[in-house]
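Chemist: Input sequences plus hints: build the corresponding full structure.
These protein sequence lines are chains A and B, in that order.
Note that my numbering numbers the first sequence so that position 27 is 27, with each residue one more than the last.
Note that my numbering numbers the second sequence so that position 72 is 72, with each residue one more than the last.
Some hints here could point you the wrong way.
Claimed, not checked - In the EDC-like style, the derived pairs of lysine to aspartate or glutamate whose C-alpha atoms are separated by at most 16 Å in a straight line are:
1) A:Lys29 / B:Asp23
2) A:Lys29 / A:Asp61
3) A:Lys3 / A:Glu33
4) A:Lys29 / B:Glu19
5) A:Lys3 / B:Asp26
6) A:Lys3 / B:Glu19
7) B:Lys29 / A:Asp26
8) A:Lys41 / A:Asp72
Unchecked claim - Stretches of chain A that chain B covers, calculated by requiring three or more beta carbons in the stretch to come under 8 Å of a beta carbon on chain B:
9) 25–35
10) 51–63
Honestly, the hints are just simulated from the structure, not real lab data.
Using N, Cα and C, we set each Cβ at its ideal position, and we do this for glycine too.
Protein chains: 2
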Amino acid sequence: MNKAIFYHAGCPVCVSAEESIVDALDRQKYNVEIIHLGEKKEKLAQAEAAGIKSVPALVLDGNVLHINHGADLSALR
Amino acid sequence: MNKAIFYHAGCPVCVSAEESIVDALDRQKYNVEIIHLGEKKEKLAQAEAAGIKSVPALVLDGNVLHINHGADLSALR
Numbered sequence: 001m002n003k004a005i006f007y008h009a010g011c012p013v014c015v016s017a018e019e020s021i022v023d024a025l026d027r028q029k030y031n032v033e034i035i036h037l038g039e040k041k042e043k044l045a046q047a048e049a050a051g052i053k054s055v056p057a058l059v060l061d062g063n064v065l066h067i068n069h070g071a072d073l074s075a076l077r
Numbered sequence: 001m002n003k004a005i006f007y008h009a010g011c012p013v014c015v016s017a018e019e020s021i022v023d024a025l026d027r028q029k030y031n032v033e034i035i036h037l038g039e040k041k042e043k044l045a046q047a048e049a050a051g052i053k054s055v056p057a058l059v060l061d062g063n064v065l066h067i068n069h070g071a072d073l074s075a076l077r
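Modeler: Now the structure itself:
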């Protein structure tokens with residue numbers, strides 16, 4: 001099973017992106033995890049290490065896709 | 001069937017995004033079309049009307065998701 005992680009911060013841009021992209025992923029191929037960085041600040045280091053600069057972002061098998069722009073990661077500290 | 005359109009311009013950022021996101025879409029739910037705007041300049045107006053500002057971009061049921069940043073649409077004219 002492949003791994004997909006959607007990082008967001010609860011912002012309107014994030015919610016809109018989540019509603020479309022997370023729903024569109026093939027759940028037969030991807031195990032999808034959703035992480036709210038506003039609520040789980042302990043995950044910020046993990047997001048940063050993955051290469052995430054802003055949210056919303058989707059990490060597919062380690063490949064970072066920044067989707068639109070809600071907030072810079074630095075604004076969530 | 002829902003409609004997904006992936007717009008790109010053949011740039012490295014586009015190809016990388018295409019390889020991950022297009023493959024991850026649920027083909028049971030989405031009919032996926034891929035449009036190379038560098039080769040099909042007649043589709044630029046359609047992309048612009050959809051709200052696309054840069055490529056690569058994925059339009060899911062009319063909802064525009066700009067994925068990372070390869071090139072501004074204005075650079076493709």
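Chemist: Are the Cα positions of lysine 3 of chain A and glutamate 33 of chain A separated by 16 Å at most?
Modeler: 8 Å, holds
Chemist: Within 16 Å, alpha carbon to alpha carbon, are lysine 29 of chain A and glutamate 19 of chain B?
Modeler: Given pair lysine 29 of chain A, glutamate 19 of chain B holds - Cα atoms ~14 Å apart, limit 16 Å.
Chemist: Take a quick look at whether lysine 29 of chain A and aspartate 61 of chain A sit within 16 Å of each other, Cα to Cα.
Modeler: 11 Å, holds
Chemist: Is the coverage entry for the region 25–35 of chain A by chain B consistent with the three-residue Cβ rule at 8 Å?
Modeler: Result for this restraint: holds, n = 6.
Chemist: Quickly compare the C-alpha distance for lysine 29 of chain A and aspartate 23 of chain B to 16 Å and report which way the hint goes.
Modeler: 9 Å, holds
Chemist: Is the straight-line distance between the alpha-carbon of lysine 29 of chain B and that of aspartate 26 of chain A 16 Å or less?
Modeler: With a Cα-Cα distance of about 9 Å, the restraint between lysine 29 of chain B and aspartate 26 of chain A holds, given a limit of 16 Å.
Chemist: Within the assertion that chain B covers the region 51–63 of chain A, do at least three residues meet a Cβ-to-Cβ distance smaller than 8 Å?
Modeler: holds (count 4)
Chemist: Between lysine 41 of chain A and aspartate 72 of chain A, is the straight-line Cα distance small enough, at 16 Å or below?
Modeler: 14 Å, holds
Chemist: Does aspartate 26 of chain B sit within 16 Å of lysine 3 of chain A, going by the straight-line distance between their CA atoms?
Modeler: 15 Å, holds
Chemist: Would the hint linking lysine 3 of chain A and glutamate 19 of chain B be met if the CA-CA limit is 16 Å?
Modeler: 15 Å, holds
When held up to the earlier numbered hints, the structure conflicts with none and fits them all.
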